[in-house]
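If you're matching them up, the sequences are chains V, H and G in order. If you count the first sequence from 1, position 528 lands on 530 in the working numbering, and the numbers rise without skipping. If you count the second sequence from 1, position 79 lands on 1205 in the working numbering, and the numbers rise without skipping. If you count the third sequence from 1, position 199 lands on 297 in the working numbering, and the numbers rise without skipping.
No wet-lab data here; the hints were simulated from the structure. As the structure is a computational prediction, the values presented were derived from the model and not from experiment. Take these hints with a grain of salt, some might be off.
Unchecked claim - To give an idea of the chain V side of the interface with chain G (calculated C-beta under 10 Å), a few residues:
no., residue
1, 248
2, 252
3, 293
4, 313
5, 315
6, 443
7, 445
8, 489
9, 496
Unchecked claim - Cross-link-like lysine-lysine pairs, in silico, DSSO-like; alpha carbons within 30 Å at most:
no., chain 1, residue 1, chain 2, residue 2
10, H, 1321, H, 1244
11, H, 1135, V, 96
12, V, 278, V, 265
13, H, 1273, V, 278
14, G, 105, V, 278
15, H, 1321, V, 430
16, H, 1298, G, 165
17, H, 1298, V, 286
18, V, 230, H, 1298
19, V, 206, V, 278
20, H, 1131, V, 274
21, H, 1131, V, 96
22, G, 139, V, 365
23, G, 105, V, 502
24, H, 1273, H, 1258
25, H, 1211, V, 206
26, V, 230, H, 1273
27, V, 96, G, 139
28, V, 147, H, 1244
29, V, 263, V, 206
30, V, 278, H, 1298
31, V, 430, G, 139
For each residue, glycine too, the CB sits at the ideal point set by N, CA and C.
Okay, here's what each chain looks like letter by letter:
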Amino acid sequence: MNRKALILLLVILGFLFTLTPLLAQDPDAEPPGDEQGVEASGSEGEADSGNEADEGGALDETESAPVDEIAPVFDPSDVHIPENIILEDLPMDKGNAVALSWDLAPFDFVVEKEGVKNGEILHHYIFLINGSDIIEYSNVAKAVKLMSDSPQFWGFDDNLASRKWLLFEGFEVNEEVTLQIGVVQPELEEAFGAARDNLAAINKLNAENVNKHQNLALEKMRRKRPTKISELEAEIAGLEESIASLGYTPEEAETEWNDIKSKLFYFPQVHKTVTKTGWFNPVKTNNLIFGFLFGAVILWFISRARKDPNLFIRRISGLEAVDEAIGRATEMGKPILYLTGMTTLADLATLAAINILGEVAKKVAEYESGMIVPCRDPVVMTVNQETVKEAYTEAGRPDHYNEDSVFFLTEDQFSYTASVSGIMLRDKPAAIFFMGYYYAESLLLAETGSMTGAIQIAGTDSLAQLPFFITACDYTLIGEELYAASAYLSREPLLLGSLKGQDVGKLFLMAVILFGTLIVSLGTWFNVDGFDFIQHYLTAL
Amino acid sequence: MKFWKAFLKLDRRIIYLVVALGVIIPLLWPMGLPMRTSPEVQVVYDDIDALEPGSRVWLAMDYDPASQPELQPMSKAIMRHCFEKNLRVLVMTLWPGGPNLIVEALDSVSAEFAAEGKNLIEGTDYVNLGYKPGGVAVILGSGQDLKDTFPTDMFGAATATMPVLEDLNSIKDLDYMVEIAAGSTADWWIVYGQKNYGFPLAIGCTAVSASQYYPYLNSKQITGLLGGLRGAAEYELLTGRPGIATAGMDAQSVVHLIVVLAIIFANIAYIVTLRKGGA
Amino acid sequence: MATFFRKQLPILLAFVFGMTMLIRYYVPHPISEQIYNEFIKWVIIIAGFAAILGILSLLHYHWNKIKRRQPGYGFSFVTYIAFFTMLVVGLISGSISETGSPLEAGTGFHWMYINLMVPMQSTMFAILGFFVASAAFRAFRARNPEATLLLIAAILVMLGRVPLGEAIWGSFPTISDWILNVLNMSGQRGILLGVGLSQIAMALRILFGIERTYMGGGD
């Protein structure tokens, strides 16, 4: 019996003991946040650090806030402070930026699809960065994005869609950055706005003034535009007048601003982080993996082609016609016209066109017919010259190479088009090749070519121009056929091997697309969110 | 039969003549056909309309005189909308033939606004950054350090202290960008600009290239698309300032109809002659 | 030695620079950015020198044409006259204009640009409209079921894109949008993916020196 009473007593005491922390506290407050959360995210433990930075912590410190004198009107417990605040280094950057993120709150600004903004300005939130710079949240709200809007930094994760983030830049690598969140007390809002606007106004006028002075100095140096000089002088006079009419000096505005800054309410949590940079961008991991796998598959097929050179490749009628076209040119005693596209060497389509040029030039040299290669880019011209020259040498006809056969016309798109059209109409080539990338001039060239009655073979990956070439040319290499052409023409087993590798890559992509479509459709039909991460992962690929 | 055979061998020049008349007549006597706004144009208008005054819009006019009749009205319509909403406009081009067109567009639009009593100030309301050679390098440079890439505007005024570029150090911080393109620059801005720096991007392009950008629209890499004169005309109507593009739509309508009729009749002729020839 | 400079060295350079740029893509460090900026400057400088080669090539080509009295050599004279007129006017305009830029309004160069270049180039582009009509008339035939489908799609899109089409039948724009957004886009995506893979494969072939046709082919 006594034992029972003792146990009962112990239970009651234990229960009371668990209540002691509550008794010791302000009855209105919630339990205090984890200290780590208050210290916020340093370089370690970023993931959970912000979770506890809650209102409770803020309330505890009300009395120690640097705004004691105005506390009677302002109650920080009324402040809707964003939750789960995390300050962290902006990942995958060059180490000059940090990011602040928090849970999307009902009062937050969200720009909806229709361009309508939700949210309201409950408070003028402010950010105190490294103890000095103040950034206002209510004003930058429109620039605030959801974390899911920037997968290049944050990757793909479901909860990113419910977190907003802000970017702060201009730091050094490995710099410690501190950030404190604050609020403009309602009674100070007017003074705060005035101080801010006054400073901004005088700074803006001053900046304009400095700019005008700089331009004036430049004009005076050039000594060519007396009218502009007097104009600038008048503008400067006007600016200085407006600065004077403000009725305060930049220093006064600065003091007023610093004064009001010191009166604002700051929550005591200091969020800290250190800017970092790195040697690998993890967001690009899947890209790298795919690149590696694809590269390995291609190299494997190439090595296999070395052993077994009899690879099958389907017939490409446009390329079968190359011999016919060159043969016809020889019979007619007319040259062939070859264009390598409108883009520079930086475009792979141009390189593909040059590869085909090498093969075509070899055949032309063998048949001893003529060749005209007008170029739009001087660098491409130089490479084309070398290619044709080498091809002639390889065909054993170096003496037949005419250095005027490859020449530069102009970089201007339609002057080039006019010029090439002129060549077509005057020289009446027996065959015309349009290889590489083209723009709106495609039909102008192809239609003029068709008027001359030439055999026309086009090859482009310019999607918009494909229909025009298909309509006006005899044969068209569509997209990847352009890239396969040099392998096809040269019958070089190593090049053919890489085509096989490409097919495997394509099969993989087809499987991914099919799988992705299926997953998303299933997720939608059965309303299952679990498929989302697969979808996101595939998107990232 | 004879007629259809002759029709198939119709001289190209007759077709050219019909097309020429189809352009000239509606320009002289407009029909004023009503027009529907396509969603991809509406979205560009809505996005720009929702920007706060003072927001910065980057307008890349990457074309030259050749495509000017189609694209210049588009650039001007965007400029008018921006100035009306008190947005700040930064204009540049990656095409060597483009700078004079920027000057022409800015001059004529600011003259229109001056006539309405609103004076636009160069360096404060807009800046003409002119032509910069280097293509992709310029886009990447603008993302790294904008004022280092464009130390001066087109006429040599320093950008470092220019109010319109105040606090803007990278295209990353742009509120919006519209790329008006005649060539592959649109792909560059998507791949190197939007992908790297994440600003909202809309594309305006010639009608022949428009179909090429639908995949990007669908993947949300671009927010909207203005295709050819039609895109410009729709935008002009949305801003309530009909201009040259709207006027050109009648001509375009008629020419489209001519082409459609040419195809239909040529095919009737083809089938008729084929049947008779086979019989 | 000669083959080293003609074959091995270019391949080695292509490999080193290609790999540097490839690796750079995955590295966010500031050094990666510096390397990239440096490379870009080189590209601009090389392109600048190549422009000189281009101009020399053009002048040389036409000079030979004139010298050999080849057919149509009169046009070569036109080229020379146009080239030097534009060059001289540009230089003079630049030196007398207020900003030092020949593009400034009011200079001779600007005048020639607006009154010669603009109309000539616009004319070239405008010819497209005529060529589209004649090409469509000449080549768009319902030869087989595929061509017929293409033909119908073309007609629907053309009518759907202009107000007149809307006036004829209100559903043309909807059909045209659907063709563009669904059929056109899926087709384009297919081609785009194939092209992308081909480009990666070709880049690899060039990087590893397997593809050398651009150097004149062969080993």
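Status of the residue 443 (chain V) interface restraint (C-beta, 10 Å, chain G):
Where the cut-off is 10 Å and the nearest Cβ of chain G is about 8 Å from residue 443 (chain V), the hint holds.
Are the Cα atoms of residue 230 (chain V) and residue 1273 (chain H) separated by 30 Å or less?
holds (24 Å)
Restraint: residue 496 (chain V) near chain G, CB-CB cut 10 Å. Satisfied or not?
holds (5 Å)
Just to be careful, I want the Cα atoms of residue 278 (chain V) and residue 1298 (chain H) compared with a cutoff of 30 Å; is the pair within it?
holds (20 Å)
Tell me if the straight-line CA distance from residue 1321 (chain H) to residue 1244 (chain H) falls inside 30 Å.
violated (37 Å)
Residue 1131 (chain H) and residue 274 (chain V): Cα distance at most 30 Å?
Measuring from Cα to Cα gives roughly 84 Å; hence the hint is violated.
Holds or violated: residue 147 (chain V) with residue 1244 (chain H), Cα cutoff 30 Å?
Given pair residue 147 (chain V), residue 1244 (chain H) is violated - Cα atoms ~33 Å apart, limit 30 Å.
Straight-line Cα separation of residue 139 (chain G) and residue 365 (chain V) no greater than 30 Å?
Judged against 30 Å, a Cα distance of about 38 Å means the pair is violated.
Does residue 139 (chain G) sit within 30 Å of residue 430 (chain V), going by the straight-line distance between their CA atoms?
violated (42 Å)
Double-check residue 315 (chain V) for me: the hint is only fine if its C-beta lies closer than 10 Å to a C-beta in chain G.
violated (13 Å)
Can we keep the residue 293 (chain V) interface hint, with Cβ of chain G closer than 10 Å?
Where the cut-off is 10 Å and the nearest Cβ of chain G is about 7 Å from residue 293 (chain V), the hint holds.
Sort out whether residue 206 (chain V) lies within 30 Å of residue 1211 (chain H), counting only the CA atoms.
Answer holds: residue 1211 (chain H) to residue 206 (chain V) is near 20 Å, not above 30 Å.
In the structure shown, a violation is registered for the earlier hints numbered 1, 2, 4, 5, 10, 11, 12, 14, 15, 16, 18, 19, 20, 21, 22, 28, 31, in ascending order.
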